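Protein chains: 4
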Amino acid sequence: MSEPPAITRTNPISLLHRIMTMPGYPQASGMRVVDAAPGRVTLAMARRPDLMQFAGHFHGGVITGLADQAAGAAVTTMLPEGRIGVTVEIKVNFLSPADGEEIIARAEAMQSGGTIGVAKIEVITQKKGVERLCAFGIATMRAVDLPAAAPTPSADDTR
Amino acid sequence: MSEPPAITRTNPISLLHRIMTMPGYPQASGMRVVDAAPGRVTLAMARRPDLMQFAGHFHGGVITGLADQAAGAAVTTMLPEGRIGVTVEIKVNFLSPADGEEIIARAEAMQSGGTIGVAKIEVITQKKGVERLCAFGIATMRAVDLPAAAPTPSADDTR
Amino acid sequence: MSEPPAITRTNPISLLHRIMTMPGYPQASGMRVVDAAPGRVTLAMARRPDLMQFAGHFHGGVITGLADQAAGAAVTTMLPEGRIGVTVEIKVNFLSPADGEEIIARAEAMQSGGTIGVAKIEVITQKKGVERLCAFGIATMRAVDLPAAAPTPSADDTR
Amino acid sequence: MSEPPAITRTNPISLLHRIMTMPGYPQASGMRVVDAAPGRVTLAMARRPDLMQFAGHFHGGVITGLADQAAGAAVTTMLPEGRIGVTVEIKVNFLSPADGEEIIARAEAMQSGGTIGVAKIEVITQKKGVERLCAFGIATMRAVDLPAAAPTPSADDTR
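Protein chains in written order, with this note's numbering: chain A, 131 to 289; chain B, 131 to 289; chain C, 131 to 289; chain D, 131 to 289.
Don't read these hints as lab results, they were simulated from the structure.
In this text the structure is predicted, and so the values were computed from the model without any measurement.
One or more hints might be untrue.
Repeated chains share a single entry, so a pair holds when one copy, or any two copies, can fit it.
[Said to hold, decoys possible] Listed below are the simulated SDA-like cross-link pairs for lysine to any residue, each with C-alpha atoms no more than 25 Å apart in a straight line:
{"hint": "1", "residue 1": "K257", "residue 2": "R170"}
{"hint": "2", "residue 1": "K257", "residue 2": "I143"}
{"hint": "3", "residue 1": "K258", "residue 2": "P210"}
{"hint": "4", "residue 1": "K258", "residue 2": "N141"}
{"hint": "5", "residue 1": "K258", "residue 2": "H147"}
{"hint": "6", "residue 1": "K257", "residue 2": "P210"}
{"hint": "7", "residue 1": "K258", "residue 2": "T245"}
{"hint": "8", "residue 1": "K257", "residue 2": "A176"}
{"hint": "9", "residue 1": "K257", "residue 2": "R213"}
{"hint": "10", "residue 1": "K257", "residue 2": "P153"}
{"hint": "11", "residue 1": "K257", "residue 2": "N141"}
{"hint": "12", "residue 1": "K257", "residue 2": "A158"}
{"hint": "13", "residue 1": "K258", "residue 2": "R148"}
{"hint": "14", "residue 1": "K258", "residue 2": "P153"}
{"hint": "15", "residue 1": "K258", "residue 2": "I143"}
{"hint": "16", "residue 1": "K257", "residue 2": "L225"}
{"hint": "17", "residue 1": "K257", "residue 2": "E211"}
{"hint": "18", "residue 1": "K257", "residue 2": "G212"}
{"hint": "19", "residue 1": "K258", "residue 2": "E211"}
{"hint": "20", "residue 1": "K257", "residue 2": "V216"}
{"hint": "21", "residue 1": "K258", "residue 2": "R162"}
{"hint": "22", "residue 1": "K257", "residue 2": "G243"}
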């Protein structure tokens, strides 16, 4: 694998903030950036009735969505400017009910550099000040050029 | 594994309809039942700006949520009355951009009967009348008693 | 994704035969090619005491190894000459005891062409003439140039 | 989930040693116990020509087999006496070539107690004294009664 050119890592992090505030699912579901550094990104999401499953816990798809977003961001922070990680596959184990007021996804890149990036993600649920691990997963990302993958959203949404 | 008692399979299917129309993520995200039979459930979801990722395609978490719901439903249709499948883990490969007007998840139970159920799920994106496979996954479910797992949502949401 | 150049698909299949007969785990564990066509490869392996787990069934690692080999081969048959699929990740659900005289892995490429290839694999156990699905999985492959990835085994084994 | 009765954890660890020395794949492939404590098990395996893939690295199935064995052992150490974890599913990402003289799998139980146990596993390759992470995975286990799952191997192998 060829090494990416030396870059300042601030740009991928500003890219992350930009993507998180664009119209779309991350913004609409209330995802927010808690922390971002090269290779590590933490995102959070508050409880809301429209994000729950039948028993009143965060829905598995909602948990996976937060984990996926955090993993993609963690890998992207390791990529050269102008590149972004898109998800090849993700797998998540649900370990305990996500019944807190908030879920927090902490992603850490385990591999990056070439075409493929891999991150592990732990998802915590916070209930009355107590944290508990509620999910754990691994995601595989593919690095793509940003222009090709991200047309301006307005162009895509004029349906 | 002990066999479940003989049952009519209509009840799990009516349970599915009940769950899909309860307040929560499945209803809020616009999931609908296309088809349900013992061991096979098809769900669909229409494109909506608040379900997209940065490039204007269905978000990975949204795709996984639909796949998860369909898989749980497919396994639940094989369980005795009063039992429901909750997700142990799910894994999804994203095969092509989910850029259609709709995504459709077709889940098929591959194992069921005892404590564990497994379903495979293919997710199709439909664009201008053309279907394309955009994701494929496997989910593992655990059968639990319905009363314990599903308090009335109002009881759970009076926070 | 750019399309691979048009090729005859016979070469990747002869590559598969060559790899399966090289010294190493596939040969030592008794894997054999049952069938190979573009995008579809079937491999089999006979029961042997040194491939079993504690209860006398094929070991999970052995089942995964056969599934992995079949998936890599199925993806490789879709690649241009001189390219081979190496495993990025694999996931396998074990659905029933692999207690037959033989296991058979049938892999089918679901995505191929660019850098990433994905295959699904079903593993059958055959016992007294009866086939039963004993495992199901998905593998993600990365296409690499053959010279870089495959030095002659003698060069690698002169330790 | 009901809690398992309080037990001494020494018995599952002696069970682990017993299983690892029974005839079968773990013993035949050279797996050995490096360390075992409640919830954490480390296994290792030395390089051998019959465990390698075409490029002279440990085969993906061999890596997964060691990871699977370690995960099952880590979960089993948390179960009451007479119970053992059997694999429901496993997923492994291959992060760098397993080209060392040895691979070492470190499994840690993340969930245990009831019917389902989950462990994460990191696999290290050791080459000329340098360790490198070469694989990372998650496995889901199901607790079963030992007598039913483990007939004496001789009974099973009299074919």
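Now for the hints, and whether the structure bears them out:
In this assembly of identical chains, the alpha carbons of K257 and R170 lie at most 25 Å apart only when taken from the same copy (24 Å versus 28 Å across copies). Taking the shortest Cα distances, K257 and I143 never come within 25 Å of each other, neither inside one copy (29 Å) nor across copies (33 Å). With identical chains, the CA atoms of K258 and P210 are never at most 25 Å apart, being 40 Å at best within one copy and 32 Å at best between copies. For the identical chains of this complex, K258 and N141 are neighbours neither inside a copy (36 Å) nor across copies (37 Å), given an alpha-carbon limit of 25 Å.
In this assembly of identical chains, the alpha carbons of K258 and H147 never lie at most 25 Å apart, being 28 Å within a copy and 33 Å across copies at closest. In the homo-oligomer, the alpha carbons of K257 and P210 never lie at most 25 Å apart, since the shortest distance is 38 Å inside one protomer and 30 Å across protomers. For a Cα distance limit of 25 Å, the shortest separation of K258 from T245 qualifies neither inside one copy, at 42 Å, nor across copies, at 28 Å. Taking CA atoms no more than 25 Å apart as the test, K257 paired with A176 passes inside one copy only; the shortest distance there is 11 Å, against 33 Å between copies.
Taking CA atoms no more than 25 Å apart as the test, K257 paired with R213 passes in neither setting, with 37 Å inside one copy and 27 Å between copies. Within a single copy, K257 and P153 get their C-alpha atoms only as close as 29 Å, which misses the 25 Å cut-off; across copies the closest is 22 Å, which meets it. When the C-alpha separation of K257 and N141 is checked against a cutoff of 25 Å, the pair qualifies neither within a copy, at 34 Å, nor between copies, at 35 Å. In this assembly of identical chains, K257 and A158 lie within 25 Å of each other by CA distance both inside one copy and across copies; the values are 23 Å within and 24 Å between.
Proximity of K258 to R148 under the C-alpha cut-off of 25 Å is found in neither arrangement, the shortest distances being 31 Å within a copy and 31 Å between copies. In the homo-oligomer, the alpha carbons of K258 and P153 lie at most 25 Å apart only across protomers (24 Å), although the nearest pairing inside one protomer, at 31 Å, exceeds that limit. In this assembly of identical chains, the alpha carbons of K258 and I143 never lie at most 25 Å apart, being 31 Å within a copy and 37 Å across copies at closest. In the homo-oligomer, the alpha carbons of K257 and L225 lie at most 25 Å apart inside one protomer (15 Å), although the nearest pairing across protomers, at 35 Å, exceeds that limit.
With identical chains, the CA atoms of K257 and E211 are never at most 25 Å apart, being 38 Å at best within one copy and 32 Å at best between copies. In this assembly of identical chains, K257 and G212 lie within 25 Å of each other by CA distance neither inside one copy nor across copies; the values are 39 Å within and 29 Å between. Taking CA atoms no more than 25 Å apart as the test, K258 paired with E211 passes in neither setting, with 40 Å inside one copy and 35 Å between copies. With identical chains, the CA atoms of K257 and V216 are at most 25 Å apart between copies only, with a shortest distance of 21 Å across copies and 31 Å within one.
In this assembly of identical chains, the alpha carbons of K258 and R162 lie at most 25 Å apart only when taken from the same copy (20 Å versus 34 Å across copies). In this homomeric assembly, K257 and G243 come within 25 Å of each other (Cα to Cα) only across copies, at 22 Å, whereas the closest approach inside a single copy is 37 Å.
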